[in-house]
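Heads up: the protein sequence lines correspond to chains Y and B, in order. Its first residue numbered 1, the first sequence is counted upward by one per residue in full-length UniProt numbering. Its first residue numbered 1, the second sequence is counted upward by one per residue in full-length UniProt numbering.
Quick caveat, the hints were computed from the structure, so don't treat them as lab data. Some clues are possibly wrong.
Incomplete in silico selection of chain Y near chain B, CB under 8 Å [stated by the list, open to error]:
| id | residue |
| --- | --- |
| 1 | Pro36 |
| 2 | Val83 |
| 3 | Thr86 |
| 4 | Gly141 |
| 5 | Pro299 |
| 6 | Ala307 |
| 7 | Val316 |
| 8 | Met321 |
| 9 | Gly327 |
| 10 | Ser338 |
| 11 | Ala390 |
Backbone N, C-alpha and C fix where the C-beta goes; we use that ideal spot for every residue, glycine too.
Protein chains: 2
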Amino acid sequence: MKSIGVGLLGLGTVGTGVVKIIKNHQDKLMHQIGCPIEVKKILVKNVNKEREVEIDPSILTTNINDVIEHPEVDVVIEVMGGVEETKKHLLAALRNKKHVVTANKDLVAVYGSEIHACASENRCDFYYEASVAGGIPILRGLVDGLASDKITKLMGIVNGTTNFILTKMSKNGSPYEEVLAEAQSLGFAEADPTSDVEGLDAARKMAILSTLGFSMNIDLKDVSVKGISQITEEDLNYSKRLGYTMKLIGIAKQDGEKVEVSVQPTLLPDEHPLSAVNDEYNAVYVYGEAVGETMFYGPGAGGLPTATAIVSDLVVVMKNMRLGVNGRTIVSPQYEKSLKENSEIFSKYFLRIHVKDQVGSFAKITTIFSERGVSFEKILQLPLKEKDLAEIVVVTHTASLKDYEEILQQLSDSDVVSQVKSSYRVEGDDVQ
Amino acid sequence: MKSIGVGLLGLGTVGTGVVKIIKNHQDKLMHQIGCPIEVKKILVKNVNKEREVEIDPSILTTNINDVIEHPEVDVVIEVMGGVEETKKHLLAALRNKKHVVTANKDLVAVYGSEIHACASENRCDFYYEASVAGGIPILRGLVDGLASDKITKLMGIVNGTTNFILTKMSKNGSPYEEVLAEAQSLGFAEADPTSDVEGLDAARKMAILSTLGFSMNIDLKDVSVKGISQITEEDLNYSKRLGYTMKLIGIAKQDGEKVEVSVQPTLLPDEHPLSAVNDEYNAVYVYGEAVGETMFYGPGAGGLPTATAIVSDLVVVMKNMRLGVNGRTIVSPQYEKSLKENSEIFSKYFLRIHVKDQVGSFAKITTIFSERGVSFEKILQLPLKEKDLAEIVVVTHTASLKDYEEILQQLSDSDVVSQVKSSYRVEGDDVQ
């Protein structure tokens, strides 16, 4: 029986994992697909480097064309990273009638629709389950499992590094810098952690998730982003005291035809299932009109989980090949993109400010809120060690982002406010 | 464009939900499938009954053959329940080249493989996502999402009624009978709750899950079952004190080639993600060799969630129809069934016994354990109000079920033991 040929671009941790899985699970894969899989060619930087897994040196190459033009390669698996150059190579592969599986969220978040179109023209498959929350089959869940439902909200912890940092900060009361250094030494954070801690990585995943969930082309630039580097121990202490857990949450929400997508540090009630998602784990909460609340939980990254997701995609591609139905998956967005204005984005907010400890301060503050019809759900006021200052922490009732930003501006301008210390979205404590 | 015809067997809550979803989501479904869906015929008990949803009375029938022999029905959706008779009708439908989608776990747990075989012979699809944990696309996750992984353990809360009861008992300290009555009045428990509270419903779902997860034909009778009706407030109090949460847990575990499948009240550490699954919600924890731990969470039942799962299956069937690939899904078990002996089933145990409060009692008890090499992880000893008795609560280190059952027997026979009050499996506090 003819085997199906695979070409790999990259042989780092994930690539090695893919090779291992294909090797160790030949039987199971064969049972599912009905024919053997063979890795035909692998692009590497250095053919002489020692590898964790036994590989015939003759299939290693440093020339990408050896992979994407190889006559016996049916499926190209891209695990080398990069965006612009990588896109060109994958488009070339698709034009060569190679199916493409990738774990590259940077690429998919920006060029997903372009690559999809090219795949479709060439009757090729293009899958990227591994690009979001490595070990969790969430994309498949959204596309297949909830096929008949209208998804109204996606809420997720989709970055393992920041979840690890926030978990440690909350549990041990350690400061951000210290925990970041620990995460780096454990390999949970990169030497340059910017993309993770500033929320960009999570934003890319939310762009991919919301594009599939709402069947609408959501770009990375449509996602409003705020990272975790400004979060202090005081904020975490107050969260705890008020019964909340701080998480970096990606929210994608649809009301009527309009959507909002953001990534920001968010307070969730302690009893919310996402509050129990700790360390480097990821989870995505999905609200469907019919199904209600479902959640997918699992490892967000890691060589083997990501490799598992890639091989799952590979299995789908190969089943499609056997059935002769590649490139026919209908995943093109059904709706025109329509983003909410700030006046249409509603939420509760946690706000911590330092005010002058004098008669009438609090009244002035409350007036700023009440003039915009925003009331308080919770209030804490505490004296500060610093002379003449008091700390006020409030959780508002639901307010529009427009009103809330105006309130923040007015508070900053107010003569009784010494400083607006911090502000976070509060989610998950009401029926959505 | 030709429409795809659907026939429904049953028009209760779930059936009505299916009709509603097909009606309300025509556009989305059409976008995915590429042609309209039409409900052609519905089997009901009473054609004149008032319905929640508008239905052309001419498509209602009380004769099942009108549905399963209808020339324009392509897919039969079975939501009427029943086992023996229903099986006959579904086999007849398959022989008439109708694809079958069902939510009927009783049927699938017992006759799944027979129906599969018949479907395969007739090149028809047979899907049953809705039979396990209604709103959670767990079967699809097992078959597709984790296709390339070796699943070593499934651990799930797969019955909403018992989870509702245990959650209320734990939170409010109310006794079993009282909470059961409340669950019945809220519609979370049947008038005859036996199948739920004695674990049979959960056992059916575990048979289905483990058959798919291990690719092995696991029958209902292979599942060892214990329900929740014997759980007392004392047990729940001790669990809490020791940092555990009591759940009715289905466990399917594979070591080497051998598997064990059981449903029983189980203590999980409070910080285990399944401990946070409350009320009528369900969740399935999956351990894959490569992927590690993943969890699927959602509503376990309910008309609309179940209907959503059914329509998701329907979408798959219809896509297959459009592609001309029905009946080709390879889901036949790959391995011969091989069940563990009791000497191969390992776990920790929680045990509560009443002993005579006299010198040497405790020594005698510990000897019974130590003779079988079983040691204690946690011990609590408390005097009882009843004269001359003390209560001992222990959590053992890992022991084989064979040893543990012998210990239980010897404790019952011992002259220092007044009564073995309760015993539960303890799970989830170690790397599996």
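Status of each hint after checking the structure:
no.	hint	verdict
1	Pro36	violated (14 Å)
2	Val83	violated (27 Å)
3	Thr86	violated (23 Å)
4	Gly141	holds (5 Å)
5	Pro299	holds (5 Å)
6	Ala307	holds (7 Å)
7	Val316	holds (7 Å)
8	Met321	violated (12 Å)
9	Gly327	violated (12 Å)
10	Ser338	violated (16 Å)
11	Ala390	violated (36 Å)
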